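Spelled out from the first residue to the last, the chains are:
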Amino acid sequence: MLYDRFPVRGNSFRSVKTMPEARVGVDAGGTFTDVVIADGGTAQSLKVPTDAGLGEGLARSRRLVAGSPAVVAGTTWVTNAVLEKKLARTALVTTEGFADVLEIGRQARDDLYDLGRSARVAPPVPRELCFGAAERIGPDGTPLVPLTSKEVERVAAAVRAAGVEAVAVCLLHSYANPEHEARLAAALDDGVALSVSHRVSRERREFERASTTALNAAVIPLIDRYLRAQEEAIADSFPGAPSFVVHSGGGMMTVARARLLPLATVMSGPAAGVAATARLARRFGLARAVSVDMGGTSTDVCLLRDGIPVSARDRRLGGHVVRLPAVAVESIGAGGGSVAWVDDVGALRVGPRSAGAVPGPAAYGRGGVEPTVTDADVLLGLQGGVGGGLELNEELAREACARLGSRLGLSAEEAARATVEVAHAQIERALRLVTVRRGHDLRACTLVAYGGAGPMHAGAVALSAGVERVLVPALSSTFSALGCCLSELAIDDVRTCLARLDQVDWPRVERELEGLVGEIAATLENDRGALRVFRSLELRYRDQNDTLEVGVDGESSPAALRAAFAERHRSEFGYATDEPIEVTAARARVWIDEGTGWAAPAPAPRGDVEVGETVFGPVLRRGAVKLVEGPAVLADALSTVVVWPGQTAHTDEDGNVWLERA
Amino acid sequence: MRLDPAQLEVIREATTAVAEEMKFDLMRTARSPVLREAGDLSCALTDAAGRTVAQGQDIPMHLGVLSFTARRLLETVPPERLLPGDVYFTNLPACGGNHLPDVKAIRPVFADGSLAAFAVALAHWPDVGGALPGSYVPYAREIYQEGLVIPPTRLFAADGPCEEPLRLVLANVRGAEQRRGDIQAQAATTSIADKRLQEVFAAHGLEAVREVWERMQDESEQRVRRALAGVPDGRYEGEDALDDDGVGNEPVTIRVAVMVTGDRAVFDFRGSDPAARGPVNTTPFIAAASVAYVVRAVLGPEIASNDGLLRSLEVLTEPGSLLDPGPAAPLVAGNHETSQRIVDALLRALAQAVPERVVAGGMGSSGLALFSIGDDFLYETHAGGSGASAERDGDAAVRIHMSNVMNTPTEVIETEYPLRIERHELRTGSGGAGRHRGGDGLRRVYRVLAKEARLTTMVERARIAPWGLAGGADGEPSAVWLERDGERKALRGKGSIELRRDDVVIVETAGGGGWGAA
Chain A
7 MLYDRFPVRG NSFRSVKTMP EARVGVDAGG TFTDVVIADG GTAQSLKVPT
57 DAGLGEGLAR SRRLVAGSPA VVAGTTWVTN AVLEKKLART ALVTTEGFAD
107 VLEIGRQARD DLYDLGRSAR VAPPVPRELC FGAAERIGPD GTPLVPLTSK
157 EVERVAAAVR AAGVEAVAVC LLHSYANPEH EARLAAALDD GVALSVSHRV
207 SRERREFERA STTALNAAVI PLIDRYLRAQ EEAIADSFPG APSFVVHSGG
257 GMMTVARARL LPLATVMSGP AAGVAATARL ARRFGLARAV SVDMGGTSTD
307 VCLLRDGIPV SARDRRLGGH VVRLPAVAVE SIGAGGGSVA WVDDVGALRV
357 GPRSAGAVPG PAAYGRGGVE PTVTDADVLL GLQGGVGGGL ELNEELAREA
407 CARLGSRLGL SAEEAARATV EVAHAQIERA LRLVTVRRGH DLRACTLVAY
457 GGAGPMHAGA VALSAGVERV LVPALSSTFS ALGCCLSELA IDDVRTCLAR
507 LDQVDWPRVE RELEGLVGEI AATLENDRGA LRVFRSLELR YRDQNDTLEV
557 GVDGESSPAA LRAAFAERHR SEFGYATDEP IEVTAARARV WIDEGTGWAA
607 PAPAPRGDVE VGETVFGPVL RRGAVKLVEG PAVLADALST VVVWPGQTAH
657 TDEDGNVWLE RA
Chain B
594 MRLDPAQLEV IREATTAVAE EMKFDLMRTA RSPVLREAGD LSCALTDAAG
644 RTVAQGQDIP MHLGVLSFTA RRLLETVPPE RLLPGDVYFT NLPACGGNHL
694 PDVKAIRPVF ADGSLAAFAV ALAHWPDVGG ALPGSYVPYA REIYQEGLVI
744 PPTRLFAADG PCEEPLRLVL ANVRGAEQRR GDIQAQAATT SIADKRLQEV
794 FAAHGLEAVR EVWERMQDES EQRVRRALAG VPDGRYEGED ALDDDGVGNE
844 PVTIRVAVMV TGDRAVFDFR GSDPAARGPV NTTPFIAAAS VAYVVRAVLG
894 PEIASNDGLL RSLEVLTEPG SLLDPGPAAP LVAGNHETSQ RIVDALLRAL
944 AQAVPERVVA GGMGSSGLAL FSIGDDFLYE THAGGSGASA ERDGDAAVRI
994 HMSNVMNTPT EVIETEYPLR IERHELRTGS GGAGRHRGGD GLRRVYRVLA
1044 KEARLTTMVE RARIAPWGLA GGADGEPSAV WLERDGERKA LRGKGSIELR
1094 RDDVVIVETA GGGGWGAA
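Read top to bottom, the protein sequences are chains A and B.
Its first residue numbered 7, the first sequence is counted upward by one per residue in our numbering.
Its first residue numbered 594, the second sequence is counted upward by one per residue in our numbering.
Treat the hints with care, since some could be wrong.
Covered stretches of chain A, going by a simulated chain B footprint (3 or more residues, C-beta under 8 Å) [stated by the list, open to error]:
{"hint": "1", "segment": "347-360"}
{"hint": "2", "segment": "435-446"}
Quick list of the computed label-pair ranges, beta carbon to beta carbon [to be verified]:
{"hint": "3", "chain 1": "B", "residue 1": "G1079", "chain 2": "A", "residue 2": "A167", "range": "34 to 40 Å"}
{"hint": "4", "chain 1": "A", "residue 1": "D447", "chain 2": "B", "residue 2": "D826", "range": "52 to 58 Å"}
{"hint": "5", "chain 1": "A", "residue 1": "G373", "chain 2": "B", "residue 2": "G706", "range": "55 to 61 Å"}
{"hint": "6", "chain 1": "A", "residue 1": "P651", "chain 2": "B", "residue 2": "D826", "range": "52 to 58 Å"}
{"hint": "7", "chain 1": "B", "residue 1": "T669", "chain 2": "A", "residue 2": "L150", "range": "50 to 56 Å"}
{"hint": "8", "chain 1": "A", "residue 1": "Y581", "chain 2": "B", "residue 2": "G1079", "range": "28 to 34 Å"}
{"hint": "9", "chain 1": "A", "residue 1": "T583", "chain 2": "B", "residue 2": "L1042", "range": "26 to 32 Å"}
Derived by calculation from the structure, the hints in this document are not laboratory data.
Note that the structure is predicted; figures quoted are calculated from it, not measured.
Even for Gly, the Cβ is constructed at its ideal location relative to N, Cα and C.
Please take these sequences and the hints and turn them into a complete structure.
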């Protein structure tokens, strides 16, 4: 059955004809590019080396899809551009007297003790390209100093003379009244990439808004090159196919929107996997799920409540503050390629350094000699095979682990076991970070494990953390690409809206929310499906730092919100008080429900169940196993699932593997 | 019992995670802007003896101080009187203290019925009573003018708040409602840490956890010893001075002799000036905190902050001096002004031993401007330039060394206080010239929109500029200005005045010193 057992929160906005169509999802990683083709409720996947390019993956998927599909891609293009400091020459226009907003930032340094490094990363806009405009809006939106036409002209001329590719505009209090920003933007809009703060991040706190807006401007010219290449590759294999990009909030956006807001793609890859997890969580009615995506260099985890990913803001990317709605993924430097090493006082460490794709783990036989988690996996017999035609060399893995063991007084096998245990501890810490710290009991969560290494290790982490259940989805090794296929066209937006809840002009708040929804709906230019809306307010006790998001529907009233907030606060922080509550922001997520259901792989061909044996236990063919007790290794062409002693595994009709405490 | 390498790392991970999470718990729930926006707080875990095991990436000054707090608590309250669920609060300088606004919440954590650890959460309260709102009294001559002194006092027990002492505290501070919220947040933070530690004990066994905690401390000690062994043996002297003590106009000098012998070092501050009349005095704990900071910054940024870091470092101070002034001395500014000057004196001494690793002088001051308007306080620090080094230029507008408190955004100030920020910009050219330039200071301009307000400042480096190194020029000194009725007047760096509507206050912070002849 291809419908969600858990109804999606939100109410239908208006109904439009639906256009179900095949989807091709593409997730480009460091070593492999994963492609999933979802068509009529079934899915197929393939992996191609990333070196071969997007075109190769699409060409190979051409044979697997009938008709013209939509192509949805996760991209790390913008992320990499920022990390590699490949930014366009960009100008920033701010309120006069505040042109140094990026230089001053929040005035803190990133590292407390290292005198050898710069206090902060260099801003995306150099100081000589920051311009002040004589104008002033007050905190309530009242213009205090008018922006004259002459001043607009002067600033526009100065920016033009600077010869930049991109311009960011961020004026004080523009979240309360964007008129001055809009006028400046109109005058600056002549052939350069333009990013305006009230359209990028309409929230209070000028540095975070300016940083986000400026960085967004600085990557607009770059994403253009990527998007053009993507469109060409798509046109070669699927002429006329519409294409989309996955954004940090775990939905997809049109290419046109990605051109205006490229910074919204910085969590594209992880968000796609989380989006697929959300679909699974709703399908199986998992009230609390945590995605565990363990790849080559890192493990990404994210909590989902009632099938909705927890969201976060104020992320750091390459030292820059990025304040855009995003799934709250925590990333730790423990992946399959993470190097195990002994530090200066003789303690065993794992990561954060990774052997990368080249040379990769020793077992890859590409010249790597340092022991990695993957080498430890091979030695312990956890590896059933690896996708993409890579052979694993056990001898090389053993040599690498033996070298590590000799420094610790351990055998190669003992060193491998210790390496894996340390990696598990790091993953457990990340899991606690996203659950326990938010007031959720980790033990009551279901782990949803995917990525190449996730299904090998999640079972052991679950046993040690007291987690009852792990779900390893079908297509676990290409799950993020599946997430691309399942993404909904969605936009999340937030705007500052300050009021005391007990004195609030409720119709005004509702108007604010409706305005936000209307703006998003207009941006979506929907002609694809039913529009759905989830509205919420950010609330806090007066003077508190953090806010909690509380949903708003037609029934909501200040009294109901107060009760809902108290309940959330008690759950997250352990107490609630009768202090005044403040509204700080209005949020909305608007998405298009195209009726895209779940996509399960076609049943596997029949064959032997047992296909081999390792020192860990029997190796079984993943698709053929109904129920098995650990230790066992379930493997297919692309993925390996490890069932640990004390655990059972069963496979459901869609090919998902459930690990449970025996 | 022999720990296997995996167990060591697993327990280390778990312990560090608890210490780091505390800060977020506290920041998320605290009420005062100085905590929630500026993050002026720190947290630590100690073992049963009160020795710190793990601390978050917080404020260096606090971290040094927290190394002593729980140990001193045990000297006042014997362990047999501590009960599960207790939370003691203290700001007593003698109890591993620094200054009265930094109030520590200390919870004993029990396992199997015996004391196993302490969870400590330090928060800067925007007011602890005293002669002026905000508890910064530049002209204070005694600690009693600086606010309520809280010797270790149990404010929470297993069955909830201890209302009587809590009322006593709240009756003596301004903004009682907000303070109650902060106190509750501090207690809740230690309670969450307690819960997490119980899980760690249950998962790994108390014995193994204790052993790992010992090992963590030993590792830091080993790393310090190894780093010291790389410093040439010898005696290195350094000094630097504060502009004044807030009461008079004479500089106040800190002198240190660093004696390195093999893998040990002695830091002798006994040549420093006698106790000051005004609030720039400080405690031996701050001297030790400053030493710990400099050792990490100059010798090994990777050394974990715990009790082991201090074991091979001997810190000597003279009773009756600036750094050990006795129980009645005022010391509110010593925490963030004098501590920075101690760092300067230490860096100047170490510049003779390891010149390539030392940076020139910078804005070694909180640059504090405290506006009190009605019942509201805005406690705002101002960063300046950092000093240049042999390797690179200094940084502009950055908090250095012992502090890392953030600013409050202009948009937050303007929505929450009757103030308008007219400018917030770099002071171009204020960094000292040199082969590598010092970083620039900044300028922030405040206009008062309320009928009346009070401004208290603690701005150092206004007379004695940040020093250049190896022939580099000094940075520009700091300044505070008042513009009233079209006239501009220089204010004292440490002072307190009444303001009225349309007054304009300009805070200019010092640039960093340059390195090498230009």
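Results for each hint:
1. 347-360: holds (count 6)
2. 435-446: holds (count 5)
3. G1079/B / A167/A: 34 to 40 Å: holds, 36 Å
4. D447/A / D826/B: 52 to 58 Å: holds, 56 Å
5. G373/A / G706/B: 55 to 61 Å: holds, 56 Å
6. P651/A / D826/B: 52 to 58 Å: holds, 57 Å
7. T669/B / L150/A: 50 to 56 Å: Once the Cβ atoms are compared, 54 Å apart, the range 50 to 56 Å for L150/A and T669/B holds.
8. Y581/A / G1079/B: 28 to 34 Å: violated, 52 Å
9. T583/A / L1042/B: 26 to 32 Å: Since the Cβ atoms of T583/A and L1042/B sit about 31 Å apart, the hinted range of 26 to 32 Å holds.
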